[in-house]
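A.B. asks: Required output: the full structure, derived from the provided sequences and hints.
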Amino acid sequence: MRMRNIIYFIKEAMKSLRRNTLLTFATISTASICILILGIAVLITMNASQFMNKLESDVEIIAYMEKDTSGTQIASIKDSIKNIAGVKEVKFVSCEEALENLQESLGKDKYDLKETLEKNPLPDSYQIKTVNPHDVPEIAKRIELLANVKAVTYGKGIVERLFEVTKWVRLVSIFLIGLLAFGAIFLIATTIRLAIYARRKEIYLMKLIGATDGFIRWPFFIEGIILGSFGAAISIVVLALGYQSLIVRMDSLFFLPLITGQDALLVLYISLLITGMFLGVLGTLISINRFLDV
Amino acid sequence: MLVQFYNVSKIYPNGVKALDDISLKIDRGEFLFLMGPSGAGKSTLIKMLFREEKPTRGQIFIASRSVVRMKRSEIPSLRRSMGIVFQDFKLLESKTVSENVAFAMEVVGARNHEIKNRVPEVINMVGLKGKEDAFPGQLSGGEQQRVGIARAIANQPLILIADEPTGNLDIDTSNEIMDLLYSINRKGTTIIMATHAREIVKAAHKRVIMLEKGRIITDDSSGDYAL
Ligand SMILES: Nc1ncnc2c1ncn2[C@@H]1O[C@H](COP(=O)(O)OP(=O)(O)OP(=O)(O)O)[C@@H](O)[C@H]1O
Ligand SMILES: [Mg+2]
Numbered sequence: 001m002r003m004r005n006i007i008y009f010i011k012e013a014m015k016s017l018r019r020n021t022l023l024t025f026a027t028i029s030t031a032s033i034c035i036l037i038l039g040i041a042v043l044i045t046m047n048a049s050q051f052m053n054k055l056e057s058d059v060e061i062i063a064y065m066e067k068d069t070s071g072t073q074i075a076s077i078k079d080s081i082k083n084i085a086g087v088k089e090v091k092f093v094s095c096e097e098a099l100e101n102l103q104e105s106l107g108k109d110k111y112d113l114k115e116t117l118e119k120n121p122l123p124d125s126y127q128i129k130t131v132n133p134h135d136v137p138e139i140a141k142r143i144e145l146l147a148n149v150k151a152v153t154y155g156k157g158i159v160e161r162l163f164e165v166t167k168w169v170r171l172v173s174i175f176l177i178g179l180l181a182f183g184a185i186f187l188i189a190t191t192i193r194l195a196i197y198a199r200r201k202e203i204y205l206m207k208l209i210g211a212t213d214g215f216i217r218w219p220f221f222i223e224g225i226i227l228g229s230f231g232a233a234i235s236i237v238v239l240a241l242g243y244q245s246l247i248v249r250m251d252s253l254f255f256l257p258l259i260t261g262q263d264a265l266l267v268l269y270i271s272l273l274i275t276g277m278f279l280g281v282l283g284t285l286i287s288i289n290r291f292l293d294v
Numbered sequence: 295m296l297v298q299f300y301n302v303s304k305i306y307p308n309g310v311k312a313l314d315d316i317s318l319k320i321d322r323g324e325f326l327f328l329m330g331p332s333g334a335g336k337s338t339l340i341k342m343l344f345r346e347e348k349p350t351r352g353q354i355f356i357a358s359r360s361v362v363r364m365k366r367s368e369i370p371s372l373r374r375s376m377g378i379v380f381q382d383f384k385l386l387e388s389k390t391v392s393e394n395v396a397f398a399m400e401v402v403g404a405r406n407h408e409i410k411n412r413v414p415e416v417i418n419m420v421g422l423k424g425k426e427d428a429f430p431g432q433l434s435g436g437e438q439q440r441v442g443i444a445r446a447i448a449n450q451p452l453i454l455i456a457d458e459p460t461g462n463l464d465i466d467t468s469n470e471i472m473d474l475l476y477s478i479n480r481k482g483t484t485i486i487m488a489t490h491a492r493e494i495v496k497a498a499h500k501r502v503i504m505l506e507k508g509r510i511i512t513d514d515s516s517g518d519y520a521l
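Chains as they are written, first to last, in this note's numbering: chain A, 1 to 294; chain B, 295 to 521.
Hints in this document: simulated from the structure, not taken from any laboratory. Quick caveat, the model's predicted, so the values are computed rather than measured. Since no wrong hints were added, every one of them can be taken at face value.
Calculated Cβ distances over 10 Å to all of chain A for the following chain B residues:
(1) Gly421
(2) Asp427
(3) His499
Cut-off 16 Å, straight-line C-alpha distance, at most; resulting in silico cross-link-like pairs (EDC-like, lysine to aspartate or glutamate):
(4) A/Lys201 to B/Glu346
(5) B/Lys384 to A/Glu202
(6) A/Lys201 to B/Asp382
(7) A/Lys201 to B/Glu387
(8) B/Lys500 to B/Asp513
(9) A/Lys11 to B/Glu400
(10) B/Lys389 to A/Glu12
(11) A/Lys11 to B/Glu393
(12) B/Lys365 to A/Asp293
(13) A/Lys15 to B/Glu387
(14) B/Lys348 to A/Asp293
(15) B/Lys341 to A/Asp293
(16) B/Lys365 to A/Asp213
(17) A/Lys15 to B/Glu400
(18) A/Lys15 to B/Glu393
(19) B/Lys389 to A/Glu202
The beta-carbon is built from N, C-alpha and C at its ideal position, and this holds for glycine as well.
C.D. replies: See below:
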């Protein structure tokens, strides 16, 4: 494409945008609202997914040793556990530590467990984390088969249900985001179709004079890109400001850990901008061909 | 031969037979009138020339190129060899006279300096000097048609095609427009014009093709056709 043409196309696009102020405004608003909703949905999904990742990674296996297992045996069990594929971390919890933990969770003042129980009834144990939390049930089963392991727990039932829930939350949010993107494309296509419709006589004339399809299309593509990215820019500003103030306010409410990594957010904002341009191009593409059939 | 029609028929999708077995030849530099009652198929025939419509049967050649077999991507170059003048002018209301003419050159990718030179030249040729910056709404019908003609000849077409160019104009204005077309024709441009205006055709002594119900009933090159 020649430079001269690019300048002409951009000029034409700008002229058309200025000429149809109302339509321009309507399309930019539509685009920015769509992309804002899309951005909010993605942010919620990102946060939910981080939250779920955390929940999932908290899932651990506890393997209790037989009461009379010797120190060397305990050490060899650790090696056997480590050799199981998918195990990330193995931590030894002695029976004394276990008792202290129990004491702590009951409250120090009420009972003195050590005094009440003359002999520590708790066994030594291992806390095991897996690389992929979804492998927990499988790995737990294999640990249970090792010699000197008395019992294995990992919140059976609860873990499976948690995974079921997180799976559905992810599926539903992907579906919703897809739906919103589809809606955005449809709305932008409609507004650009109106812009094209307003200029159908001009397009018809251009065709009869001998303009190529590409020549007619380009200004509309540029128009679509400008509309889409402008709309995206507005929504990104709103989203960024809104989210930033949310982070500040939520700081005190520590129970909901928000994503605050500037890198992740930057990637999100740039993706939204690209999405805006892409929606603009796609909207134009859907709308224009019908008018070129002269 | 510039234009050749061989047994061309056109049946519209709704079943109307607009052209029925038309064969004709048009030479370079000719001035040809297409006449006939309303619905005879004049506009349909004209649309075949720049392939706004495709024939149902038959072949059309323009400058030895088949218009019928032409690929979609070749249509722009066909149309660039023609200028089209419309009954309703089809000017862009938001553009000035100069801009309307320049538009025709821009969309075919003419260079800026060519446009700068050519636009005043054709505006001068059609007698609109001084009206360059007027908008179509500020012009009379005759003046608007002059803009339409200026736009049609801006790219120096081989053929000028006009479908009832004087259809919306009074007799005096029509004659002025015709004088303009004759002068363009004298400079070598082939002109094909559909019209209902008998007085114009009678006075012109040019070739006349009479259509009726999609068929050629007379093709008189003397122009002394029986009214
Ligand atoms: N796009 C179309 N679809 C269906 N039928 C059409 C179409 N265009 C024209 N016709 C029909 O084809 C026939 C010829 O029409 P055409 O416009 O060529 O006539 P014309 O000679 O130009 O008439 P007029 O002098 O009124 O302009 C008419 O019966 C018309 O109704
Ligand atoms: Mg007609």
